[in-house]
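K.L.:
What follows is each chain in one-letter form.
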Amino acid sequence: MIMKTRLLGQVYQFSNLKELFAKANEEKSGDRLANIAAESVQERIAAKQVLANLTIADIRNHPLIPAEEDEVSRIIEEQVNEPAYRRIQNWTIAELREYILDDTTTGEDLIRLSCGLTSEMIAAVAKLMSNLDLIHAANKLEIITKCNIAIGQKGTLASRLQPNHPTDNVEGMLASLKEGLSYGIGDAVIGINPVDDSVESVKRLLQATYDFIQDWNIPTQNCVLAHVTTQMKAIEQGAPADMIFQSIAGTEAANKSFGITASLLDEANQMIRELGTSTGPQRLYFETGQGSELSAESHFGVDQMTLESRNYGFAKRYDPYILNTVVGFIGPEYLYDSKQVVRAGLEDHFMAKMHGIPMGVDICYTNHIRADQNDIEDLGVLLTAAGVNFVIATPMGDDCMLNYQSLSYHDVATLRQTMNRRPAPLFEAWLENVGIMKDGKLTSRAGDLTLFHK
Amino acid sequence: MNTELIESITKLIIEKIGKPSEEKLASESGMVKLWDHLSPENQYIVTGSDSHDGAQNSNGLVKLWDHVKADESKSAGYKEENTILPELETRIGVSSPCHPEALQEWVTKTPARIGIGRAGLRPKIETWLRFRLDHGAAVDAVYGSVQQELLKSLNLFTVRTMVDQKEEYIRRPDLGRKLSEEAKRTIREKCQYKPKVQIIASDGLSSQAIEKNLEDVYLSFLQSLDQLGIEYGTSFYIEKGRVASMDEVGEILEPEVVVLFIGERPGLVSSESLSAYLCYKPRKGTIEADRMVISNIHSGGIPPVEAGAYLGSVVQKILKYQASGVSLVRKEG
Numbered sequence: 000m001i002m003k004t005r006l007l008g009q010v011y012q013f014s015n016l017k018e019l020f021a022k023a024n025e026e027k028s029g030d031r032l033a034n035i036a037a038e039s040v041q042e043r044i045a046a047k048q049v050l051a052n053l054t055i056a057d058i059r060n061h062p063l064i065p066a067e068e069d070e071v072s073r074i075i076e077e078q079v080n081e082p083a084y085r086r087i088q089n090w091t092i093a094e095l096r097e098y099i100l101d102d103t104t105t106g107e108d109l110i111r112l113s114c115g116l117t118s119e120m121i122a123a124v125a126k127l128m129s130n131l132d133l134i135h136a137a138n139k140l141e142i143i144t145k146c147n148i149a150i151g152q153k154g155t156l157a158s159r160l161q162p163n164h165p166t167d168n169v170e171g172m173l174a175s176l177k178e179g180l181s182y183g184i185g186d187a188v189i190g191i192n193p194v195d196d197s198v199e200s201v202k203r204l205l206q207a208t209y210d211f212i213q214d215w216n217i218p219t220q221n222c223v224l225a226h227v228t229t230q231m232k233a234i235e236q237g238a239p240a241d242m243i244f245q246s247i248a249g250t251e252a253a254n255k256s257f258g259i260t261a262s263l264l265d266e267a268n269q270m271i272r273e274l275g276t277s278t279g280p281q282r283l284y285f286e287t288g289q290g291s292e293l294s295a296e297s298h299f300g301v302d303q304m305t306l307e308s309r310n311y312g313f314a315k316r317y318d319p320y321i322l323n324t325v326v327g328f329i330g331p332e333y334l335y336d337s338k339q340v341v342r343a344g345l346e347d348h349f350m351a352k353m354h355g356i357p358m359g360v361d362i363c364y365t366n367h368i369r370a371d372q373n374d375i376e377d378l379g380v381l382l383t384a385a386g387v388n389f390v391i392a393t394p395m396g397d398d399c400m401l402n403y404q405s406l407s408y409h410d411v412a413t414l415r416q417t418m419n420r421r422p423a424p425l426f427e428a429w430l431e432n433v434g435i436m437k438d439g440k441l442t443s444r445a446g447d448l449t450l451f452h453k
Numbered sequence: 000m001n002t003e004l005i006e007s008i009t010k011l012i013i014e015k016i017g018k019p020s021e022e023k024l025a026s027e028s029g030m031v032k033l034w035d036h037l038s039p040e041n042q043y044i045v046t047g048s049d050s051h052d053g054a055q056n057s058n059g060l061v062k063l064w065d066h067v068k069a070d071e072s073k074s075a076g077y078k079e080e081n082t083i084l085p086e087l088e089t090r091i092g093v094s095s096p097c098h099p100e101a102l103q104e105w106v107t108k109t110p111a112r113i114g115i116g117r118a119g120l121r122p123k124i125e126t127w128l129r130f131r132l133d134h135g136a137a138v139d140a141v142y143g144s145v146q147q148e149l150l151k152s153l154n155l156f157t158v159r160t161m162v163d164q165k166e167e168y169i170r171r172p173d174l175g176r177k178l179s180e181e182a183k184r185t186i187r188e189k190c191q192y193k194p195k196v197q198i199i200a201s202d203g204l205s206s207q208a209i210e211k212n213l214e215d216v217y218l219s220f221l222q223s224l225d226q227l228g229i230e231y232g233t234s235f236y237i238e239k240g241r242v243a244s245m246d247e248v249g250e251i252l253e254p255e256v257v258v259l260f261i262g263e264r265p266g267l268v269s270s271e272s273l274s275a276y277l278c279y280k281p282r283k284g285t286i287e288a289d290r291m292v293i294s295n296i297h298s299g300g301i302p303p304v305e306a307g308a309y310l311g312s313v314v315q316k317i318l319k320y321q322a323s324g325v326s327l328v329r330k331e332g
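Each protein sequence line maps, in turn, to chains A and B. Counting from 1, position 345 in the first sequence corresponds to residue 344 in numbering that gives the first Met the number 0; the numbering is continuous, with no gaps. Counting from 1, position 74 in the second sequence corresponds to residue 73 in numbering that gives the first Met the number 0; the numbering is continuous, with no gaps.
Looking at chain B on its own, in the form it has when it is part of the complex:
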């Protein structure tokens, strides 16, 4: 393993990303070429060294992989270009659509992967790879934690559930619904008892969801409650919590309404989607159908600021009917 070479390649790639005029640069310095998708005869990977970096080998070219044998490759030639592949994208791929303008317009109406065309009956390769890439990123988002700075800036203290590791969180939802003894003590000590509205946040299955959306949705929700003249208690953060952890909080603090902001299971379009669960008097034994949820709170779904404002009116309705979920639908008549 030639560390120096790898460093020099990496540096070149990084520089390359920052420079827009690829072709010109390539012809001038004759540098790293990873794969030129435009010219089929050049589908091998060649890297060269830049004289400025001094990481040259004897012939000035380093071959990382070449599917054409050395003597056959003469005709193809080594294009010493400084090119990097473009980012994988879900592209429009319908061949000769009846209405090209409609196609262009319709794909902007939804984040769904539509208008992608096909290779026979199968997806095209770039669309397929982008899909697999997004899945990989979503899996990574499940594991991760929320920065303490964010929670501090919002004045949220942190308590824990019975869960230790994330793997345990995934396998044991029952433990994520229960607060640790220390958490119960802390909540009793620090929180206002019997508030009208108790606000909680938790990372759930996506720390990214909290990182990206909590500040906006939380502050706009508080503002909305203030405007409606609805009081709220002392908010806090539950690490690795499940939705039903609100029931234990309900037992301890006996609020009228609990609003829980929790990270959703990451999706491919967004791994930062947040949900707000609302429940009237959640207690031990609360049934799922009495909870309500506003999901898809993120920049590509319901914008967090709008969600916060909307939530205020939902809380107002819950307080008016003294019910949430299916019970609220019934009472509303």
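Okay, chain A solo, but in the shape it has when bound:
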């Protein structure tokens, strides 16, 4: 392995892959916080050059977090398809990038390729890609999954309807839910973040969404995003849930700080198959986001982008229905401003799709980060162009419970119509049925929540 280069008369030497991976990243405040970022743009470019010349085998042979020490590493390692790996092990990361971008390489080719890759290799190649590289390559990949309905088809843009309420008031939640449906939102999931993470509260919200979906025959799925253990209790006690949700991370230690292990998620997956209300086969929902391992002080000196990629390797084990990064939520100490949020959003989407993950993005920002609604509208356009499976939408972009801003119902409708995207097919047929959409366009009735008055 050559770990040294000279650029513009300056010699750059990297002592190990952890350091090299971190320094090859585009600027992120989280890498600075962890004290592992490149000192200058020149050093960043030097790291990218060195990384480009490493081989796929170099990365496999020098694990960033050894499998003996970490459950997530073990899971990623065990998933590698050995014949697929052997075919490409001598490629450099530069060659890997060129193969991905090659005009004759199809999405199917990429999925076949990725069976032989680890999460670290996928992160490595993403470090060599520009924003438009990431958009163009991700757009080749079509990842379709089905819970009650299938989403992810080329030419579609699905959405999670997020009708949160600051006191979990059912009537208030339903009002936001109706508003969202009237804009054609909700094909990926009707997913509520509860304020009160108790079993009773989760049961109440699951029942309310389930009843509403039944009443109106809506082809979608419900979910209440409490901790996995709380959802399991609620489901055991008979609450109707189509999916189980959990936030995950890229190291065993960080997962532990979330109160989860691989075997707990195995149990959850088993339970939702046996007791869930959906037809499947996919029935899990995960959320991720760069910086969570550092936030939990469980990052082991590995950069946040590489750790994020490991989330997808971990998630792959469970064949989830949907997964999304919550890209601007974690805060400015990890992603400082809109430029960093845009970059992270495109990286996460590409890296997840390369793992075969049905990737969505919560395109969002908090009020202590340097970004505003215009910035995330931009990222909405970029990710729609990249073929994102779904995005999250809240009333007017304002989540009045989680206190952050995401895309609005209006934004999703606008992205679809401006960029020729449709809702998931079964959901669109339903929208036509209730008179909200016609030929891919919202009708004059759309936007009237009282359509759902009985």
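Hints are all accurate, no fakes.
Each computed DSS-like pair below joins lysine-lysine, with the alpha-carbon atoms no more than 25 Å apart:
| no. | chain 1 | residue 1 | chain 2 | residue 2 |
| --- | --- | --- | --- | --- |
| 1 | B | Lys123 | A | Lys440 |
| 2 | B | Lys123 | A | Lys437 |
| 3 | B | Lys280 | B | Lys177 |
| 4 | B | Lys283 | A | Lys255 |
Everything labelled a hint here was simulated from the structure, so no lab data went into it.
Assemble the complex: chain A is given as a structure, and chain B must be docked to it using the hints.
P.N.:
Just chain B now, with coordinates in the frame of chain A:
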């Protein structure tokens, strides 16, 4: 820059806000008109001077901005009205709803911005501007500090973390989790050792949250603990603290339960939302999943007095099971 003019305009605007009968006033005194949204032909800004204030120029009219050229503006005319724009609001905007009464009722069920209608596929301008305005206010709430009078009235002394400036607080959460050496000394000196319950408050990301809610939630929480017969130690305030700063307090005082009231990241609906984090025996290395949180404590969410009472029963449960968070869920069975 004509200072006198600006002062006179400002004064007029302030007076105007206090007077309800706008139209009448306008026709009588013929004064400041900023923008009359009801009459499209008058979309230019004209200010006049009031004879009482004596800030007149030669023709008695000062034009601040006029998108119609002077000679074309004759037909439009200058309406010398004394009008100010109404506050931006998130209004009901659905055109011809199927059930207008349901619409009126449903929008009252949630602070979410619903029933707002659309301009094509986009939001209407007033709704959009109100949203941007609220975002601006929320950003401002991040920076700001808590009045010492409030803390004194609640008998809370103040200690600091390793953070100096707010910008550093935002970029370096690790420093917000650590107490300064002086803070550790002060806490050791002033606080009861090994209390059942240790109560702490911190501004976190919103000083407004403490200002608006701490008094109510704190006093009702104390009352609730008293009623349940649960003892508590010496409460204090941590300036620019993070949630995990409770771990250092746990190391020093070794309480059974810590309850930390901390300002949440401001949202658009409320920039004064407070959270109460609870943890059984927080110490160095405590995992996040063992903390519990009651969030959204503010007048538009969980009312602070109710939250305080509820927290007492949560503490009782934590003490009973000797666990919090995910561990509590497990033990509860």
